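S.K.: Given the coordinates of chain U, work out where chain S should sit on it, guided by the hints.
Chains as they are written, first to last, in this note's numbering: chain U, 1 to 319; chain S, 1001 to 1232.
Simulated from the structure, these hints should not be mistaken for laboratory data. Predicted model, so just to flag it, every value in this text is computed and none were measured. Cβ atoms here follow ideal geometry from the backbone N, Cα and C, with glycine treated the same way. Certain hints may be false.
Residues from chain S shown here face chain U by an in silico Cβ test under 7 Å; the list is partial [stated by the list, open to error]:
1) Cys1067
2) Glu1078
3) Val1079
4) Phe1080
5) Tyr1083
6) Leu1084
7) Glu1087
8) Leu1092
Below, in silico cross-link-like pairs of lysine-lysine (DSSO-like), each with a Cα-Cα straight-line distance of 27 Å or less [stated by the list, open to error]:
9) S:Lys1064 with U:Lys220
10) S:Lys1057 with U:Lys220
11) S:Lys1040 with U:Lys199
12) S:Lys1002 with S:Lys1064
13) S:Lys1076 with S:Lys1157
14) S:Lys1196 with S:Lys1221
15) S:Lys1057 with S:Lys1002
16) U:Lys199 with S:Lys1116
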Amino acid sequence: MKLLIFLISLIVLSIAPFIGETPLEIGKLFDPNAMEYLLFWDLRVPRVLVAFFSGAILALGGMVFQAVFRNSLTTPFTLGVSSGATLATAIGIVFLPASLAALSYLFSFAGAFSTILLLFLFARTLSATQTNSLLLIGIALSFFYSAALMVVYYLSDLEQSYSIIRFTMGSLNIVGFKSLYPVIAAALILLAVVSSYKKELKLILTSHENAFLKGIEIKKINLILLLFVSLSVGVCVSVVGPIGFIGLVIPHIIRLVYKQSSEKLILSVFYYGGIFLVLCDLIGRNLGAVSEVPIGVVTSFIGGPFFIYIILRRKRHHG
Amino acid sequence: MKLHVDTVTTSYLQNISFRVENENVVILGSNGAGKTTLSKIIVGLEENTNVYYEGEKISSLGAKRRCEIVNFVPSKLEVFDDYLDVEEFLQLSLLNGSTLREMDTILKQLEIEHLKSSPCKCISSGESQLVLFASGLLHNAELTIFDEPTANLDSDKKIKVYEALKKYAGWKIVITHDLNIAYKLGYRIIYLEHGKLIFDGSSDVFFTAANLERLFGNSIKRLEDYFMVNYR
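One chain only, chain U, in its complex shape:
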């Protein structure tokens, strides 16, 4: 089963840049004057890469949040990070002059980042065991941001509100490698940090009390993990928009397939999170509609039912 999935993942990854609306002639891929060259190297390859590393960040981030908050339904999105980014982007779209439209990218990152700072400010006043309170604060923030987003909608014109809606649906449409680098860097840093706290993560997976008693600075480590996850998700959202469901679905599926404790699954969750988003994008691009289906819609359409199926199957196995 594991080997089969791995082989499928390799196939998905290798064919992904070749399949699309315009068929590619392999011979022309290395001819800089051909249209194919541009299409392949400037659009398809960066797109597959951004999908892979975004999916990886969202999946690994979800797994870490679930361990720290001891709640299998937690993802960075539940804490309002994506809502913060969305709101800030919407503000950028409505209030920035069109000539500065490129700055909306910065707005989005600032929105995600300031939400994280706000959460940390609250977290400092909570004790180590009160992680649920932080979760509630995150949910409250999300609602607050949604309300503020409505106000921005109300103030926007038709074209602007269309842009806002498109951003909230998520998009992997990037051109060239420039906006790709921050996502790759964020993903690799997150992977390195989480891997370096493997032992601590294992203790957190038992209980916070146990981790505390076994000599871990539990409060500090929780904050470090949350900070790095939030930052990388902030980078990711600012480039591809809020893409839901991966942080929830992938860690669960990987756990059910591998049947191992989560700290051993860091690399698998990272890798298959990436593969899942590449696959969703592949489907979204090739459904044959006039224009592509937004990526957030695809992940939810595939992830939702599959997740319900997995949960129902698990219930039956446990009697």
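M.R.: Coordinates of chain S only, in the frame set by chain U:
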């Protein structure tokens, strides 16, 4: 070993003070007397600045040092991950010089070797209590607080835990409801009731007829060296 609990007061506990110096202690008390709360304060799980170990505030110790000095073995095994197994759980307690070999010896002694590869979430409450007890022995802190180590066990396992407790070389505080175990251990006894320290003294004094009557009324009946619940 020098532990000093200096007028600890919380929303529930009232002015709890005692000193423990190179001796083992049993803490007894009715349900909700504050035994577990007091223990969590001693090990630093609940913040309180009035507990000292060798003259140092426990609350200001670094995490590493704290884990060498004190440990608390809860009465319920809490594990979030669905697949973390018993062996992995116990390996996390291989601290302060404990080895894998000692782990296997303890597992054999408590007759739970067969649980090694079972996920912690799938074992019974009695089994998980034994796993926790084993983790406490392995952690090997200078002072270990065992919270009701025999509560969910059958009589055979109670004897095994009792024997292991007796044999265990580290200093210990044992919280229990079981007067028989308290009596057999023979340690100094601290008795709590509604957040107040009611008795602090030797086992001999505690188990005099007059003291038992004062604390338990006629709900306990003594038959030679055994204590029975006096169902009426």
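S.K.: Against this structure, judge whether each hint is valid.
M.R.: Hint by hint, here is what the structure shows:
1. About 3 Å separates the beta-carbon of cysteine 1067 of chain S from the nearest beta-carbon of chain U, less than 7 Å, and the hint is met.
2. At its closest, the beta carbon of glutamate 1078 of chain S sits 4 Å from a beta carbon of chain U; the interface hint therefore holds under the 7 Å criterion.
3. Hint status for valine 1079 of chain S: holds, given a least beta-carbon distance of 5 Å to chain U, under 7 Å.
4. Among the interface hints, the one on phenylalanine 1080 of chain S holds; its C-beta lies about 5 Å from the nearest C-beta in chain U, closer than the 7 Å criterion.
5. Hint status for tyrosine 1083 of chain S relative to chain U: holds, with the closest Cβ pair at about 5 Å, below 7 Å.
6. This hint holds: leucine 1084 of chain S has a C-beta 4 Å from the nearest C-beta of chain U, less than the 7 Å allowed.
7. Because the closest C-beta pair between glutamate 1087 of chain S and chain U is about 11 Å apart, greater than 7 Å, the hint is violated.
8. At about 6 Å, the closest approach between the beta carbon of leucine 1092 of chain S and any beta carbon in chain U falls short of 7 Å, and the interface hint on this residue holds.
9. Distance hint between lysine 1064 of chain S and lysine 220 of chain U is fulfilled; the C-alpha atoms sit about 14 Å from each other, no more than 27 Å.
10. For the given pair, lysine 1057 of chain S sits about 20 Å from lysine 220 of chain U by alpha-carbon distance, which is consistent with the 27 Å threshold.
11. Taking the CA atoms of lysine 1040 of chain S and lysine 199 of chain U, the gap is about 24 Å. The hint holds against a cut of 27 Å.
12. For the hint pairing lysine 1002 of chain S with lysine 1064 of chain S, the CA-to-CA distance comes to about 19 Å; that is within 27 Å, so the pair holds.
13. Between the alpha carbons of lysine 1076 of chain S and lysine 1157 of chain S the distance comes to roughly 16 Å, so the proposed pair stays at or under 27 Å and holds.
14. For the proposed pair lysine 1196 of chain S and lysine 1221 of chain S, the alpha carbon gap of about 24 Å is at most 27 Å, so the pair holds.
15. Pair hint lysine 1057 of chain S plus lysine 1002 of chain S holds up; C-alpha atoms about 12 Å apart against a cutoff of 27 Å.
16. Pair hint lysine 199 of chain U plus lysine 1116 of chain S holds up; C-alpha atoms about 19 Å apart against a cutoff of 27 Å.
Hint 7 alone, counting from the list given before, is not met by this structure.
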